[in-house]
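A.B. asks: Chain residues, written in single-letter form:
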Amino acid sequence: MQIPYTTEARPDTGLYNAKLGIWLFLASEVMLFAGLFSSYILLRTGAVEWPHHVLPVGMATANTALLITSSMTMVMAWEALKTNNWSRHRACLGLTVALGVIFLLIKFVEYQEHIAAGELPSRNTFFALYYTLTAVHALHIVGGLVVMLYLLGPGAKLWAEQPVQFTNRVESTGLYWHFVDFVWILLFPLLYLL
Amino acid sequence: MPSGRQPFFRTYVFSLDHKVIGIQYAITGLLFLLFGFSLMMIMRYQLAYPMTPVPFIGGMLSQANASGGILLPEFYNQLGAMHGTVMVFLGVVPLAIGGFGNYLIPLQIGAADMAFPKLNLMSYWVYAVGGLIMIATFFVPGGAAQSGWTSYPPLSVIASGGQTWWLVGMVFLITSSTLGSINFIVTIVQLRAPGLTWMRLPFFVWAQFAAAFLLLLAFPPLEAAGVLQLMDRVAGTSFFLPSGLVVAGQAVTSMSGTAEGTLASGGGNPLLWQHLFWFLAHPEVYVLILPAMGIVGEIIANNTRRPLWGYRGMVYSVGFLAFMSMVVWAHHMYITGMGTTLAAFFQTTTMIISVPSIVILTSLLMTLWGASIRFTTPMLFALAFLPMFGIGGLTGLPLGLAPSDIHLHDTYYVIGHFHYVVAPGTIFALFAGIYYWFPKATGRRMNDLLGRIHFWGSLVCMNVIFMPMFIQGLGGMNRRLYDGGMQFQHNADLLKWNVVIGIAAWTMGLFQVPFIINFFTSIRWGAPASANPWDATTLEWATTSPPPHHNFDTPPSVYRAAYEYSVPGAERDFSPQFEPERG
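These protein sequences, in sequence, are chains A and B. Residue numbering for the first sequence follows the working numbering, beginning at 1 and increasing consecutively. Residue numbering for the second sequence follows the working numbering, beginning at 1 and increasing consecutively.
What the hints contain is simulated information worked out from the structure, not anything from laboratory work. Idealized CB from N, CA, C, for every residue including glycine. Any given hint could turn out to be false.
Calculated Cβ distances over 12 angstroms to all of chain B for the following chain A residues [stated by the list, open to error]:
id: 1; residue: Gln112
id: 2; residue: Glu113
id: 3; residue: Ala116
id: 4; residue: Tyr150
id: 5; residue: Val164
id: 6; residue: Phe166
id: 7; residue: Leu193
Pair ranges (Cβ atoms, derived) [said to hold, decoys possible]:
id: 8; chain 1: A; residue 1: Gly14; chain 2: B; residue 2: Gly476; range: 54 to 62 angstroms
id: 9; chain 1: A; residue 1: Thr6; chain 2: B; residue 2: Asp483; range: 57 to 65 angstroms
id: 10; chain 1: B; residue 1: Gly68; chain 2: A; residue 2: Leu105; range: 54 to 62 angstroms
id: 11; chain 1: B; residue 1: Val499; chain 2: A; residue 2: Ala135; range: 49 to 57 angstroms
Listed next, the in silico BS3-like pairs over lysine-lysine satisfying Cα-Cα at most 27 angstroms (straight line) [stated by the list, open to error]:
id: 12; chain 1: A; residue 1: Lys19; chain 2: A; residue 2: Lys157
id: 13; chain 1: A; residue 1: Lys19; chain 2: A; residue 2: Lys82
id: 14; chain 1: B; residue 1: Lys118; chain 2: A; residue 2: Lys19
id: 15; chain 1: A; residue 1: Lys157; chain 2: A; residue 2: Lys82
id: 16; chain 1: A; residue 1: Lys157; chain 2: B; residue 2: Lys118
Generate the whole structure from the sequences, applying the supplied hints.
C.D. replies: So, in structure tokens, the structure goes:
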């Protein structure tokens, strides 16, 4: 049994199924982070005092650069498939994974420093928000990395049989990755700069 | 091409077939409905005869829950919280969306399956695990969640045991419904049969489409809130705990900021939870009611042998309803001191949202006007839905306006109101749907006599249960009180109704027995049904009963609108969507 429009676009909607699916998923993700960001705004505006500049801006700036670069390499990995350049695709996707892993490592060091200084989530509402928001975001990074590792590993076999479907999968993963990147671009000023 | 024999597990347990998954959802949902109803039957004994041992099952409850068979207040609270949770999240929504939606959407749009069969399988099993976690909380130390299905902080944050698992269970349920709603929307947008334009879609599909958007967009903020409450409970944060909170003479929070252990830091806002919760939970009400409206629409068109009156208006109303349901949530919060400006906004939107509901209800009534109605069992349930939902809807208006709501808030009036919408409203529609599509799913009809006993018994009992609650609520009787509120003088004349309500509730339990017998015996011994036993027009009746794994042997094309009944000049009184025009 074949489900139609898994690879080719439906003429009247101009979409293949997974592309519509990933956009809908991202819409629900927007609402998830909207809930978290609204909580941030409400708690901050209601707070008597709010800590400023207690987080390491340097590490966060490095992380921002890493994620933006990884979004770029992600697009290049997809573009390489479109131009049939398999080895360049592998290199770019591998680079994206590497950048994501470095992001997580830096995040880990950052957490460790705060924990060592006794700045746990229960310290105050600012740290509660800091840990919760960045941890939910980091979980999204982990999720993206798992999918990319699958596409680099066992999932890569699909390229030989169904090149269009494989390209679509990389495209959908990329859309998700850009969204996770975008969330970080909002988190960075909210937590580290403002 | 035949799909071939599959091993048992692939066919019945981990099937990718939307019809099997739909039936799994439906049966699990029905079991949870029965379970949630049983919890309430126990509670109703305590309310009718306070401080007396519950007969039969009182002895089976542990001493920690019911000493000497008499319910303890903590256990009463657990039963109440879990009744709401089970009924809404594990019973009605999985049956209405997961069951009916999964089974019928691909059939009604002429598709072979859902767009993502594996995702479909996953959403069922994630739901099942979430449900098991919820039920298992009865056995953790401290018992199940006891802070109401709304889980309002600060009580929910400092409550014992089960609340943490309640939150974990909710994360599973939210994940499941997110996956499911993505699947529904993609299926409806992408897999419609040739010729099935948007305005030819059955009304049921439209209703499911709108409900899927609500699940997709309204549930994630509750997931966010759930994560925050989980942090409050396990990591000692204070998202929802204000500074200087004192409970039972003990300070819960300290302002010092050097919190250790579970001591909270303070600075949180309990109202934040209420906003995030109701941002989901009001659209959730429409997730409960929209599929019911869809089912009733199908059955009324079929049994009046007429097209739905004002189909286009109904479709636009469904869309408008879904949109508006996202901007009315704070009408649950008038007594929080929100201020008149904000209250004015939410009162206005609440009055506006009643308009599309009335358009839909009026259209359904207009369809009945002057028709020669076939009073089949599904039609009886569908007809009863109209006045029952009408009562539920109209009694909601005083709750949507702050001046009257401040008196009625948290009384039994509210309980009566939303139960009229969901119990004799949505659940009657779901029963109607079961009787109507049972022949399609099994190839056999359900017994009519047992169906009628089930219907009349349930209809009478439902009204005897919920009508007195309006009297109690208008008299000022509060909900969530362990003994019904005996110590309050204004309840003196109202408490006697609890005996009436209790007896009606247990009688209604008895009237579900014919349904259960009917359901299981008809699978095997019911009268055989043809492909189109009700002479209906939509696509699910184009294939055999039950349909094969791939649904249609020849993929159908659509030639006309969904409800072409009694077309002048036609040979028969129904012209199916899948039959080409003559000549």
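A.B. asks: Checking against the hints above, which ones are violated?
C.D. replies: none
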